[in-house]
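The listed protein sequences correspond, in order, to chains L, E and H.
Residue numbers for the first sequence follow this note's numbering, beginning at 16 and rising by one.
Residue numbers for the second sequence follow this note's numbering, beginning at 28 and rising by one.
Residue numbers for the third sequence follow this note's numbering, beginning at 1234 and rising by one.
Note that these hints are calculated values from the structure, not bench results.
Using N, Cα and C, we set each Cβ at its ideal position, and we do this for glycine too.
A hint or two may mislead.
[Unchecked claim] Ranges of calculated distance between the beta carbons of each label pair, as one might list FRET restraints: (1) Q87/E - T1505/H: 57 to 63 Å; (2) R1602/H - G295/E: 33 to 39 Å; (3) Q423/E - R95/L: 38 to 44 Å; (4) G106/E - D1621/H: 43 to 49 Å; (5) G1684/H - P418/E: 44 to 50 Å; (6) R246/E - S1326/H: 39 to 45 Å; (7) V100/L - D1621/H: 35 to 41 Å; (8) Q423/E - S1326/H: 33 to 39 Å.
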Amino acid sequence: MKELTCIVCPRGCRLVVDEENDYATAGNACPRGAEYAHAELTAPTRVLTSTVAVTGGIHPRCPVKTAAAIPKGLLPAAMRRIRAVCLAAPVQEGQVVIPDLLGTGVDLVACRDLPRAD
Amino acid sequence: MNGLYYDVIVIGGGPAGMAAALSAREQGAPKVLLIERDCELGGILNQCIHNGFGLHYFKQELTGPEYAGRFIRRLDGAGIEVWLDTMVLELDGLCLHTVSAAGGYRVVRAGSVVLAMGCRERTRGAIGIPGSRPAGIFTAGAAQRYVNIEGYLVGRRVLILGSGDIGLIMARRMTLEGASVLACVEVMPYSGGLARNIVQCLHDYDIPLLLSHTIVEIRGKNRVEQAVVAAVDGDRRPIPGTEQVFDCDTILLSVGLIPENELSRAAGIAIDPHTKGAVVYENMQTSLPGVFACGNVLHVHDLVDYVTAESQRAGRAAADYAAGQRREGAELELCAGDGVGYTVPQRLHLAHLDKTVPMFFRPRRVYGTCAVVARQNGRQVGRFRRERMAPGEMEQVALPALLLQDDGPVTLCVEEDA
Amino acid sequence: MVDVAIIGCGVVGAAAAMQLARRRCSVLVLEAENDVAMGTTKANSAILHAGYDPEPGTLMAKLNLRGSLLAAELCEQLDVPRRQCGSMVLAFSEEEREHLRVLLERGQKNGVPGLHIVSGEEARQMEPALSPEVRGALVAPTAAIVSPWELALAMAENAVQNGAQLLLETPVTGLSPVAGGWRLDTPRGSYTARFVLNAAGVNADQIHNLAAAPTFTICPNRGEYYLLDKSEGDMVGHVIFQCPTKAGKGVLVAPTVHGNLIVGPNAEGLQTPSTATTAAGLAFVAAAARKSVTGLQLGASIRNFAGVRANTDRDDFVIEWAAPGLLDLGGMKSPGLTAAAAVGEYALELLERAGLSAPAKQSPVTTRRRVRFARLSAAEKAELVREDARYGRIVCRCETVTEGEIVAACHSPIPPRSIDGVKRRVGAGMGRCQGGFCGPRVLEILCRERGLSPLEVPQDQAGSYLLAAQTKQEGSER
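The whole structure should be built from the sequences, with the hints applied where relevant.
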């Protein structure tokens, strides 16, 4: 048996997972909790949020995120990959910044419109 | 000085102000003005680049900028005037004195006003940490702005005081950007942040959370060099002999937020000493007729989704007021009883209630299985079960309006199971 | 060779520089820190004392009285915030009431105008927040509050405008006699001067000892303070003292010219100067201050700080020749701030007596004005923003400081080099959020106007760096 705090939503359910019994989960208020428990104990993933450099914009950085969760172990490598990017303003929200980040099949996308500085 | 008039003027273009302005317009206010002191809308959401916003309101997990972006786009073409880079210097009844570089000094009159100025962070001075005063001590939000918007790392070896959500989020953020976060120190025996943030911001990166500990001394001549941390007793007093020294160059403070009500105070609006926000009625109207308040300027929220919902109520009510609707008649007072830190709203117009009255509150401490009970003159008017409550998480109950009478104050308290 | 070199640009060095620069002589000011007013001048009680404390006949008594008059004049001319709010010394016992009479008599001998003693009842009528235990008070109507760093800055700016040369970040490391004067060694090179004024504050004994046998020792003495939010600013109208003891003038509660309430200081002798605060020191201050003002809301504190008094092993200021041509202006303990302007005047007199020939300049600059947006009327604000749109952009929301004011400071005679340098000049970051919101904006404007990189701008003194690196650099992340 393993105890976990669900991180799917702010509710933070306390989960009890039976690893021996196909990761049967108790304490979850919704089905996503069971999915989380299974993934967390087999192949944990996280959504990565960070920034990328931008030139010519109203700010020098633009927030980005992975469009879906990626393997937790890839976060440091993803941060290094993100560093290599420099966008030119204007940036559109949803714009793909890096397609198929580190071969995960998940895109890194911009999280806001960033207009050009006057 | 010109004679500008708007039906509803909203002060503050963060999540609260944007939602209030949109709802005021949707409710039929012909002329709505939204005033923002920054150069863009979105408020603090612009620097909250992490995800976790919008699960209630949009049924989707968004980052702060995305959540703001949805409202910014809705405002486009909604027929709402927006003044950016504009500061409200004074609120004189329903008359606002504003200044901006582009528009100059303008006096505008309103049919009603919505206060949505947000909050600010408590500083070192407010909590009085002894020691030297070197550079390298930031409030978590100030550091967040430098890192996420300006693109600067504020330090390399970081200690975080306070386990509120901003502190936890910054622990992860600083770590990802290459800093070493040595520990997160919390004076209370429980964290002030969401459980999920403890997991994904601290546990994921092996950052220790020191509960019932505090910083007792800051050392360093020019820049922070060391922080001395000690355990505290039940009265939050440092226990001699438990000191440990952290070699760090940066201290981030996440020690609470304070509604920014200087404008409201100067306008003579009654302030609740517990929330540090205005005393409001069920429709978010303050003690100054025609002035409404919502979002973090009213009371500090943990979820922006609730800010949105509250602000929509304020916006609609402001539009109604500007259109001449008044709420009058018998009033009830809502009081925080045993175990309850505060309630919002604090007053009700008995004749103007919907079927249920949403009531927000925070428990004073952590509770296990318990009941939240509302009573009026000895009568129980509501009883709500809870599995767990913590001061870090705002609670909501819905009082049935039918049971409320013109019979003295309603008291909300927490009753633990025997 | 310059005529006069001044070591140190606190309030005393600045006052001397101002006096000298208005004469026809060359003046060089060497300051170790990256701004003026960085020592005792920026961390003290900010009081212009009436003058009943010093023993009659001392230099201190004479310069206190003269300084208080001069400061009033100067603050008017140089646009420095000062308010003559008066002070009260409280007595809590018959013994202390007796001491009030001693102070009254001393003050009268010193020539302090308007001194009088009131009963406890009368004191509470004047100041309703006073403790019911107060048995009487000595009222000094001429006591005033001031912005100490702005006073020093204004005098230093005036000196620069009248031709004095100010070198910041230039500590004097050697001082030796040369033909007709002195050589001053610094990491930036050596300078020679006919006369040298030693206004080095808590380091004055060390500077003295570079060139002469020791004659006095600085005994640094720390005082810790609370600064309370403006919501508490009108808790008292007067400066509220307790009866002085050997340790000093005791814990006071006073309004500040910026609208806050200041509470402190304690008095603690130190081996080496330190401006760290301590839990014990602050607890002492809190308890002592509540004796005067029972309902004090220390929960409204926005900042704690500590200052170091340049106490010495002497009872009076040390204003004397260390060697021919080298004049000590040392031991400027309380009422040093009050006396400063008079010390500058006195130093000029001593230099002239020693042979400095410095006739008055024809028309030196004697005034200074700066925009304080928050204090303007609505019509004045509107007019100013019409003239220059940058005054329409509020940068510091707590203190209502505009971009225009920051830009003006960046192009003033002594431009700021740090975030706190901007704060001392215009008040941005002085308020309840302590620069949390405006810090990044102030940094941006300072960098733009002064051609600096954000990475090289310190929070305050040199070395107090604010930002460690840019993000997204090679090897920056995990």
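Tested hints:
1. Between Q87/E and T1505/H the Cβ separation comes to about 59 Å, which falls inside the hinted range of 57 to 63 Å.
2. At about 34 Å, the CB distance of R1602/H to G295/E agrees with the hint of 33 to 39 Å.
3. A hinted range of 38 to 44 Å holds for the C-beta pair Q423/E and R95/L, which are about 43 Å apart.
4. The given range of 43 to 49 Å is broken by G106/E and D1621/H, whose C-beta atoms sit roughly 33 Å from each other.
5. Here the CB-CB span from G1684/H to P418/E is close to 48 Å, well matched to the stated 44 to 50 Å.
6. The hinted range of 39 to 45 Å is satisfied by R246/E and S1326/H, whose Cβ atoms lie roughly 41 Å apart.
7. Our hint of 35 to 41 Å for V100/L and D1621/H holds, since their Cβ atoms are close to 40 Å apart.
8. Here the CB-CB span from Q423/E to S1326/H is close to 57 Å, at odds with the stated 33 to 39 Å.
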